[in-house]
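Participant: Dock chain D against chain B, hints included.
There are 2 protein chains.
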Amino acid sequence: MKNYVMKGNICYSKTRQELCIIENGYVVCEDGFCAGAYQELPEGYEAFPCYHYEDQIIIPGLVDLHVHAPQYPFRGLGMDLELIDWLNTHTFAEEAKYADTEYAGKAYDIFVEDLFKSATARACIFGTIHTDATLLLMEKLEAAGLKAYVGKVNMDRNSPENLCEESAEKSVKDTEKWLLKSQGFQNVKPILTPRFTPSCTDELLEKLSGLQKKYDLPVQSHLSENLGEIQWVKELCPGTGFYGESYHRYGLFGNSCPTVMAHCVHSGEEETEMMRKQNVFIAHCPESNANLSSGVAPVKTYLEKGMKVGLGTDIAAGSSLSLFKAMAMAVQCSKLRWRLQDQSAAPLTMEEVFYLATKGGGEFFGKAGSFETGYEFDAVVLDDSSIRHPQKLNVKERLERLIYLADDRNIAAKFVNGKELFKK
Amino acid sequence: MKNYVMKGNICYSKTRQELCIIENGYVVCEDGFCAGAYQELPEGYEAFPCYHYEDQIIIPGLVDLHVHAPQYPFRGLGMDLELIDWLNTHTFAEEAKYADTEYAGKAYDIFVEDLFKSATARACIFGTIHTDATLLLMEKLEAAGLKAYVGKVNMDRNSPENLCEESAEKSVKDTEKWLLKSQGFQNVKPILTPRFTPSCTDELLEKLSGLQKKYDLPVQSHLSENLGEIQWVKELCPGTGFYGESYHRYGLFGNSCPTVMAHCVHSGEEETEMMRKQNVFIAHCPESNANLSSGVAPVKTYLEKGMKVGLGTDIAAGSSLSLFKAMAMAVQCSKLRWRLQDQSAAPLTMEEVFYLATKGGGEFFGKAGSFETGYEFDAVVLDDSSIRHPQKLNVKERLERLIYLADDRNIAAKFVNGKELFKK
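Protein chains in written order, with the working numbering: chain B, 60 to 483; chain D, 60 to 483.
Hints were generated in silico from the structure; no laboratory data involved.
Among the hints, erroneous ones may be present.
Note: identical chains are not told apart, hence a pair may lie in one copy or across any two.
[Said to hold, decoys possible] Capping the alpha-carbon separation at 27 Å, the derived lysine-lysine pairs in DSSO-like fashion look like this:
#: 1; residue 1: Lys451; residue 2: Lys176
#: 2; residue 1: Lys455; residue 2: Lys165
#: 3; residue 1: Lys451; residue 2: Lys165
#: 4; residue 1: Lys455; residue 2: Lys156
#: 5; residue 1: Lys426; residue 2: Lys73
#: 6; residue 1: Lys483; residue 2: Lys293
#: 7; residue 1: Lys336; residue 2: Lys61
#: 8; residue 1: Lys156; residue 2: Lys248
Chain B extracted, bound-state conformation (with noise of 0.2 Å):
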């Protein structure tokens, strides 16, 4: 069905701080695309077939701006230790598996079934080095009708033997190979993925630039998560100023080439400003950065410069798929954030986490994210009766609640790109 109607109770983001509630409206889903939510149908699409969702709640489907498929083994364990050793020692051991296609192939079913199932439409996910296992990973993810931006991981120094690539050029040439082997995709399209600069020598972010040039690719990366990572690049790349130029000097990081970058925990000013200027999007992953000790980011702030954030479950480092807990635990951090860290910034507003999790990832896939006319239709509807109140409620508190309390058996229904992916 390429043209129908949903009633319901709408809620979507203008802005970070306008919230849109039409109660017993409408969103209409004109060829994949939004034609605009509505307190009276307009003339014109009182033919189209209608969902009746009643009393439910409809909000576009979410996007997760940061995620590690093959991580998704071991989430909820092994939150001992800060960033580099926890790669050490818990990630890349699981990450090295994935060469058998046959580990990777159970595995990523695990990973596109629990995915399909939660309200998230649209994600940016690594993979790992193996081309293979990438390329099924996203197989899997096309078949499920989920949108995904999906990295082959570049990595060649600093890594353990059986996941390290021999040479920057042997990566770069898999990659190629890899990129090939992924035209034929809709949903789901390649994105550069250098692990993060301690994994990639200067020579294989040059490479790997002469790729985006060519192919036109996106990147996503990590960026400013720890202290520690961030002395180590200081060592690493003696001539940069700050950890986000090691990306720069080749063109990796925004505008010709769009980039979303995990993390941004401790950016300093200069880095802030060049992502800024740069339209780089920042991934903001609240669940990890509390789960390795990183800190937390300022996402207020980043908001208030006008600049592009949305966020990441970043598993395994955050334990959970849900969006809705990433939603919850980024005004919680940020609250803490406030007392701990910096009364100048604001804790973030319900509002502002719902804008994150929806449009501001959703910027970037293009037009995504929001009921808006000429957006992807992309739709969750959400059942929220099991959590039960003696109490009247408006639809913005059984929203507000919903971000807190929400686990997939509240959502009814879902769509992605106009097409519906399940109904219960």
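Facilitator: Chain D in isolation, oriented as in the chain B frame:
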């Protein structure tokens, strides 16, 4: 059934460092008490009937040391304020409704049904000032088979008119009336509950002290949650050196008066030392302390001093009744405290938060929260098969993962005080 054996993967704490795990082991219930946990079933118990839980995980029932039952309707709502404004804006308006026992009945049905379905076996619960509504809550908890201390709240100043008792005398008279009506319960016991110093005149606390001695009652209240609150107490109680003294000078602070104080986020050295000497229990409520921008309590320090600490969900400043969530947030918040505030106190470990949610809080109920011999027999059986994984996991890893990811769907059976409350 009074005597039985359970077979499965047994997990319980002996100390905060020592988590005992017996794979494919046995735990024995005899007359409602634990007769020990074993790798091989000792002679004499073979005749007991056996619950075979196969590869499932069996833990002691969890203990919630601080929860406000009447606030359950607005869990997940209105967390835009700090403590005092939050009380005035959101909390008191809801609590005033419990003058109407019909409303109270509806609301407490929801609370008790959800608590029943959770992994919580025992709880210290705040009601409201209303004796009838509080008795209704106690009846419902009793009928559900949950173990609880429940308090009719006292407040005779700085409260809205419809939630302020008309005098200390009337407050205490009502409390004694309620106490006399509370004597017949088996599972549920009354606990004196002066809301917190700002809500209670000196006269009220003095008179409550008389009741405490007359009926040999335990006490629950709040302590040093928020900086504005602490400043206010200083102004209200000019004779005191710190907040805790406002309770201690009336004998409502530990030792002969078993006491649990919620929060203790900002307790100074003297207050901490007094809590230690008086064996005051601290209810650590990490989610609440984040949601109301209070801060993070120095739980590691309290534990290292050998003080008595458990976990509280603190509904509705906490959004969830789940003590699994409270455990995860206790670890996460301790990491942010370490990162942002005080690197002399290490983050909490998984073993420590499991201890807090079981034996740590359980001690307020006597011998509860462990499978050591002589403990009251509370048990929760966890089925984690829905949290899928492609690799092998040991029992400790599965338990750690449940702390981050479990919800009520993972609870396969629950026993309190030897009695099976439900199985799925």
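Participant: Taking the hints in turn, state whether each one holds.
Facilitator: Hints versus structure:
| no. | hint | verdict |
| --- | --- | --- |
| 1 | Lys451 - Lys176 | between (29 Å within a copy, 24 Å between copies) |
| 2 | Lys455 - Lys165 | between (40 Å within a copy, 23 Å between copies) |
| 3 | Lys451 - Lys165 | between (45 Å within a copy, 13 Å between copies) |
| 4 | Lys455 - Lys156 | between (45 Å within a copy, 22 Å between copies) |
| 5 | Lys426 - Lys73 | within (12 Å within a copy, 55 Å between copies) |
| 6 | Lys483 - Lys293 | neither (51 Å within a copy, 55 Å between copies) |
| 7 | Lys336 - Lys61 | neither (39 Å within a copy, 71 Å between copies) |
| 8 | Lys156 - Lys248 | within (24 Å within a copy, 54 Å between copies) |
Consistency with the previously given hints fails for numbers 6, 7, ordered from lowest to highest.
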